[in-house]
Amino acid sequence: GENVEQHPSTLSVQEGDSAVIKCTYSDSASNYFPWYKQELGKRPQLIIDIRSNVGEKKDQRIAVTLNKTAKHFSLHITETQPEDSAVYFCPSKRNNDMRFGAGTRLTVKP
Amino acid sequence: EPEVTQTPSHQVTQMGQEVILRCVPISNHLYFYWYRQILGQKVEFLVSFYNNEISEKSEIFDDQFSVERPDGSNFTLKIRSTKLEDSAMYFCASTGTSRNTEAFFGQGTRLTVV
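Just so you know, the sequences run in chain order F and H. Oh and the first sequence: position 92 is 1542 in my numbering, straight run, nothing missing. Oh and the second sequence: position 35 is 26 in my numbering, straight run, nothing missing.
To be clear, the hints were calculated from the coordinates, so they are not data collected in a lab. Keep in mind that a hint or two might mislead.
Stated by the list, open to error - Simulated crosslink set (EDC-like; lysine to aspartate or glutamate; CA at most 20 Å straight-line):
hint, chain 1, residue 1, chain 2, residue 2
1, F, K1492, H, D77
2, F, K1543, H, E47
3, H, K74, H, D53
Take these sequences, add in the hints, and give me the full structure.
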């Protein structure tokens, strides 16, 4: 299986500021790196993903960067809005099945 | 846009009763999953299912749990004799032709055992 460590566990930012969440993985053979968002009381949903042949991917205010050498990937949210408040996950894999950790609880203060 | 649907949205059951949670994954997806989330806690993997059999199950998925794909569209989770600690939100998910791709989650079934 693959171990993934996610930091920070909680993050509080002012509306309009940027937020960065980082995940470090152990398996150098990993080739798919998704980010999921779970708003309170709702289902997890994929917000962005990246494959190992790409270093960065952007979708409007959200971007993911991958550093294969250092084995970490990061979620960047710019111009944060209150609706970005949620728990964000970079799931690990065990036997190819996705496992969720505690995630990062992002709070955007208006 | 295709989506995973789950029924019921909320189920209340007496301790010791059997419950069946139902899911309709996205039609051309091949991999199916059940997760649960106890209130205020993380999303926990229960089981994965592929090619009409269980691929992997967690330590939570004991003999009280079973899954079935009774026809070409439904994917069910059965809890044989519910316990109070089974109270949780249960999410069904599916992925397409690979597990290394987006997982689509249903809206969940909130199970309350009283």
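Okay, the hints, checked on the actual structure:
1. For a cut-off of 20 Å, the pair hint linking F/K1492 to H/D77 stands: about 19 Å separates their Cα positions.
2. This hinted pair checks out: F/K1543 and H/E47 have alpha carbons roughly 12 Å apart, not beyond 20 Å.
3. As the CA atoms of H/K74 and H/D53 are separated by approximately 13 Å, the hinted pair is consistent with the 20 Å bound.
Every hint, counting from the list given before, is met by this structure.
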